[in-house]
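Place chains B, C and D on chain A using the hints.
Number of protein chains: 4
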Amino acid sequence: MPPLRMKTAMDPTQLLARVRSTRHRTRDLARPLTPEDQVVQPMPDASPTKWHLGHTTWFFETFVLCEHLSDYRVYDERFSYCFNSYYDHAGTRQARAQRGMMTRPTNDEVARYRRYVDDGLERLFARRDLAPAVASIVEIGINHEEQHQELLMMDILNVFWSGPIRSPYREPRKIGVALPTPPLAWTSFDGGIQEVGHDGDGFAFDNEGPRHSALLRPYRLANRLVTNSEWLEFMEDGGYRDFRHWLSDGWGTVQREGWLAPYYWEEKDSTWFQMTHEGLLRVVPSAPVCNISYYEADAFARWAGKRLPTEFEWEVAARTGSTTGNTLGTGAFRPSTAPANCASGLSQLIGDVWEWTQSSYSPYPGFKAAEGALGEYNGKFMVNQQVLRGASCLTPDGHSRPTYRNFFYPHQRWLFGGLRLAEDV
Amino acid sequence: MPPLRMKTAMDPTQLLARVRSTRHRTRDLARPLTPEDQVVQPMPDASPTKWHLGHTTWFFETFVLCEHLSDYRVYDERFSYCFNSYYDHAGTRQARAQRGMMTRPTNDEVARYRRYVDDGLERLFARRDLAPAVASIVEIGINHEEQHQELLMMDILNVFWSGPIRSPYREPRKIGVALPTPPLAWTSFDGGIQEVGHDGDGFAFDNEGPRHSALLRPYRLANRLVTNSEWLEFMEDGGYRDFRHWLSDGWGTVQREGWLAPYYWEEKDSTWFQMTHEGLLRVVPSAPVCNISYYEADAFARWAGKRLPTEFEWEVAARTGSTTGNTLGTGAFRPSTAPANCASGLSQLIGDVWEWTQSSYSPYPGFKAAEGALGEYNGKFMVNQQVLRGASCLTPDGHSRPTYRNFFYPHQRWLFGGLRLAEDV
Amino acid sequence: MPPLRMKTAMDPTQLLARVRSTRHRTRDLARPLTPEDQVVQPMPDASPTKWHLGHTTWFFETFVLCEHLSDYRVYDERFSYCFNSYYDHAGTRQARAQRGMMTRPTNDEVARYRRYVDDGLERLFARRDLAPAVASIVEIGINHEEQHQELLMMDILNVFWSGPIRSPYREPRKIGVALPTPPLAWTSFDGGIQEVGHDGDGFAFDNEGPRHSALLRPYRLANRLVTNSEWLEFMEDGGYRDFRHWLSDGWGTVQREGWLAPYYWEEKDSTWFQMTHEGLLRVVPSAPVCNISYYEADAFARWAGKRLPTEFEWEVAARTGSTTGNTLGTGAFRPSTAPANCASGLSQLIGDVWEWTQSSYSPYPGFKAAEGALGEYNGKFMVNQQVLRGASCLTPDGHSRPTYRNFFYPHQRWLFGGLRLAEDV
Amino acid sequence: MPPLRMKTAMDPTQLLARVRSTRHRTRDLARPLTPEDQVVQPMPDASPTKWHLGHTTWFFETFVLCEHLSDYRVYDERFSYCFNSYYDHAGTRQARAQRGMMTRPTNDEVARYRRYVDDGLERLFARRDLAPAVASIVEIGINHEEQHQELLMMDILNVFWSGPIRSPYREPRKIGVALPTPPLAWTSFDGGIQEVGHDGDGFAFDNEGPRHSALLRPYRLANRLVTNSEWLEFMEDGGYRDFRHWLSDGWGTVQREGWLAPYYWEEKDSTWFQMTHEGLLRVVPSAPVCNISYYEADAFARWAGKRLPTEFEWEVAARTGSTTGNTLGTGAFRPSTAPANCASGLSQLIGDVWEWTQSSYSPYPGFKAAEGALGEYNGKFMVNQQVLRGASCLTPDGHSRPTYRNFFYPHQRWLFGGLRLAEDV
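Residue numbers (this note's numbering), protein chains in the order written: chain A, 1 to 425; chain B, 426 to 850; chain C, 851 to 1275; chain D, 1276 to 1700.
Hints were generated in silico from the structure; no laboratory data involved.
Computed far set for chain C versus chain D, every beta-carbon distance over 12 Å: (1) ASP861; (2) GLN864; (3) ALA880; (4) THR956; (5) ALA961; (6) GLU972; (7) SER1017; (8) TRP1036; (9) GLU1107; (10) SER1120; (11) THR1121.
Below, in silico cross-link-like pairs of lysine-lysine (BS3-like), each with a Cα-Cα straight-line distance of 25 Å or less: (12) LYS731/B <-> LYS368/A; (13) LYS1218/C <-> LYS1581/D; (14) LYS1643/D <-> LYS1655/D; (15) LYS1449/D <-> LYS1543/D; (16) LYS731/B <-> LYS380/A.
Derived Cβ-Cβ restraints for the label pairs, each shown as a range: (17) ARG642/B <-> GLU233/A: 35 to 45 Å; (18) GLY305/A <-> ALA520/B: 26 to 36 Å; (19) ASP849/B <-> GLU371/A: 10 to 20 Å; (20) ALA520/B <-> ARG1348/D: 43 to 53 Å; (21) ARG1023/C <-> ALA17/A: 45 to 55 Å; (22) PRO597/B <-> GLU1352/D: 17 to 27 Å; (23) THR696/B <-> ARG1348/D: 23 to 33 Å.
In this text the structure is predicted, and so the values were computed from the model without any measurement.
All C-beta atoms in this analysis are idealised placements derived from N, C-alpha and C, irrespective of residue type, glycine included.
Isolated chain A (complex conformation):
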């Protein structure tokens, strides 16, 4: 199910509205930031805000306007080198680890670039003949930009974490009293042959298909995510110092990197704090644990005598179970601390933290990447990474779905990832 063969369900008016709102939202996310905040790259994984602003724009320019708006003139020929991420088909580019070296184009220049390309998109939609194939690529562009909205929010937190003065991205917001965490409960699922993957109804990325049958054994999933409070138990029980819980590569990483707690956690006077978009705050015991690697999620599950779910166990449960999402809604930028509503099934599936699964990221049976640059979107990353399911509090509203496959390397921690326990029946 390569992206180019997809058909969007939206009519041009709807699509244009989505283009506009998506483009505006990206700009709004960057608004609280100074020019200085937007240019720096604190580690190779985390790109500068300005780069995200430019890259998402270049994506529309290159794959939509250059291809499908006949009289379009490229804004600046040099920007393809600056803002191409990893598309070998689209030519040479600034090395990933050097994205923070680009003081030019400036923020103002990138803002002009955005407006120029937005104008191009308006002109495209003003024409009569928006072909379905073009509409489909526009829809990919929207979803692509939504992914970068989450990355931008992940990356800017890393910027604030890396400097000596830990400014908040925004002022802390009142969120009411954190209620007690409901007890862990288990929902059982039958297994058997199940259909998984996207069925082609609505947008999906190519890596979500083809839809196919999978054989599952009976299993149970926890009603809620693992909490900070439970994570502290793991820590207090020596979880980070006992090799027995860890995969060999994970244990090596723990020792080499000196991990003692989740990324962004810091101890002061025997109290744990956590770097958030609202600054360094006390760790909230009832909130889902976040910013942990696959290695840590797996170790915790072993310590707890459980295991991580497979991606299909999660998908089947998410499709069939009654679920409750983040009660804060879009723009929360932090996991909910409201009590998970567990009376009727699984809660916290969408909108708190992405959930690590034990499934390595690999192609579904029959998957073939499209020809050309957009075929590089997902397919070439299908090795060495683990699948995460769900969505985090940084994920744009409506971006995810039960078949959505997010993926990161097992050592990475700056993403908003946590875990839900699973067990065999």
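Below, chains B, C and D alone, put in the same frame as chain A:
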């Protein structure tokens, strides 16, 4: 199916005979080597011969004799530090990358250590009461030592490759005329629900179980392995220079490491040579390609418009198909150049090269590692690696089986790995 | 001759005028830069502009105001961590290689910090009782800030060089026709016992003393600096490929780093260009070669059959010889291309490029660093570095003098360093 | 004073006797070692024993026999690649850090190579016409091999230190009771213009000349070396934790490497032990401190309120003062613990430990390296290193002299270096 719960099918007499022959074979493999050859570590992956000789001995001493021979006295307390590989349960140890720093104990001392432990094993068997659990661990020790026999042969080739004077491990042997490669042909398999994993009949490692059902789609496998001749076509077609064939991590490795051909290949005067246990020899076109990484195997399959098989596709085929092995038998130390016998099904499944599969190495449903040190044998490596199936010309005779799961990191090349093509029906 | 014991020759009025003009000039140097340009650190050696602006301010705050203005209140306690460079006496600090991670304080905040400290300095001078010791530290602060003006200009060029879009710091200025280089000529000096080092008349850094006797042999110095044209001859003669010209450490660096030309040189269509503050310009043949390491300077001298001067040979010549400086005056930011005026002695001693000497940077006989933080200013760097003499086109007017000792590691190239040839009589 | 222009003072009979005894002594030094001990390279600085055996032989073969024995046939063309150290004139070679990869040629083969070349040297001397130039190169070969005798002894200690089983090179020898250290006393020297460097009488390396005048200020040198007991005081006073004593590069190294004591020192149960050729022994308080870097020597001197001598201060003192050497004589392989005999001047100048000086290693005025390979012997290393004077207990008897210049990088510790304090008058 953790190893400790296994029951061996062999009676004590058979088992003792296997112990003796395995221990002798290891010593015989080291016989052509000078003391200098046996101490050096050319890269962290490749351990010194002397270390293999000591480690396999330590394994019997630690897990069999110390536990089950009541009056056994440890040969030298310091050897546990020297020869423990990765068993955190068994205490601290020489860092893997520093194994080549151990000039002491000398080769002669390690030979004495081997004899001392061999005597202990004889004494153990001379007693009346060899408990089944003990017999089972002895059997693991045998299979463990067989694995290290293959590693020893892989590693010593790396030693000879790394020095300026590329001595052969042994003199080249005449092997008759290389006949033409039979044309590529395809065998179809139906798919459906298939039982995979070891059924408990005969020895198996814990990672081969539990036996369980897997759902397969109809598929075809090539009748034979990809040959050097075909690999040269890939190279001549620019395979190592065209990003379109490669996974992203693979392409990064190709560029960073400057890969142009399989490991151990070297071009002189427009002719390709290959480092073998018989020295630097001309590449034989009809022989299976060897010493390639997963990245290369995957890229070749894409270039050919095919794909790699999954580990279960391979297993089902190997179990049901009529197969032909290496015609050279044990101790060939090089892939066969005899024509693959393809009239009646799949050939070259065992005894030429291990076959990379597209399956990442992960636990089977219901897998639980055993408590204690032997639980570290396989389970803790189940991330970041790919499964290989079959057996190579370095694998001891009878060591492998259709359910056997070998595993390496996708960038590793010093193992004797090649590939067989697969495709969807 | 530690700095603290020095007495300034300036009266308070003069001193205050110098403080003001120095502080203004730093601000003016940063004026053409965007906030983005000022925050990035392209390599550990090159600090962000904003850091220079903050550090020079912190220096006055810490060593002058905190110590000597009784009611002074520190602007922000956190800034000492941000802007301390290497003074262990002054506490912990941002790691040098992480200076580019500081998006906060912003440029605007640092500008406020500068004004606040400037006000403090005005208040200090408004009081009656400016003690000579305090005046002396103020004078060090001025000279310190002048050094950072040169560093700022070196570092910002590295920023523009490191990005994909090579913006100029300023627009190119017309400088008249480049006239032919005068032929190389030699001035002889007698040697013998000579007094070297600063005599205490006017400001000097502690490393310029104590003044002492040195024994020199008769020698000759070239009338002018080595030109780009001569450097191209060296390159065309294979200078970068012939080990015979190079020190062993230099040859290792050439091969490891792939040096083929001076830093900031780039070949396009067989023409050499050079990154300058005015952008990427054609290399001017008659201009002094610049941005070369000690290794390159030494290799060139060997290739030419000459040698580098010692620092005392240079000093004696500079003190006694009739010299001609950069004809462009302050703020040229590039070496002069006007003909060196060589009729009456040595030209280009001050104001084009610093001149590498064969002298390693070590203490003069009797040198003792002061107690406390200012004793760290120079003394602790007296190993592994080479002395440069003169001054470059980036050096503030009047900052240097014949006894001035600049010093860098022999592999460093981003400084504005060149060479003058010497030979024995 | 390049080596090729030197004339040896020895007649052919004397010279041949020296060749024989030197060659025998190298072989004898290796005799206690197993083949395993001789092949391993524990760090890039420390070469394998076998390599030293081969390299010194290659030196005679290449520069003496190939050039001057008309019918000489090279033993094995491949050995030049194996055993060339750093002579670019002599062609390509095994990378320094890869010397430990050479399992072949074996020890036995290298022993045969040594005998073959020894035979060649005998044949050379059996001819009538040993030209003075040839004799001079033979003498260099002898002195070269003596240098490698010391390196071999340094390097083999590093091998034993690096393995988990710390075997001794030889059994500990009784050396009588260690007597109390005499109190520190000072000998004064007048300074003034002094002649330094070798005067051409007897053998010297090219870097010891040309002899020239140097201007010295009055100074004092300590009567004896700094002892382990004094070093322990430095450690107990927090010497390794107080930045004030250290050069900036040294302090960075202390922190990065975690230095807490001299190299080869190890604390067990609050007692300090030291790895020696006789195994891990208790640190002897009265013995000179050894295996310290320049950074440590310099820090100690600052802590003590003194300084290191310059190389000329040492040379003038060594030439004029009444001196006492190591009382153990050749082959001690450890610093003397006999009381330094200080009644009449400076003791311990030769035969205990090399003495770090504050002089960077640079060419004497008028120094020019010879053309060709032997010109690479010393000249190309004249940057980034510090001069040591004297000789250590590993230095062959008679190898050193007052003008001898040894040199190492300031961070290196595996050499047998210590220090003697100096001060201004």
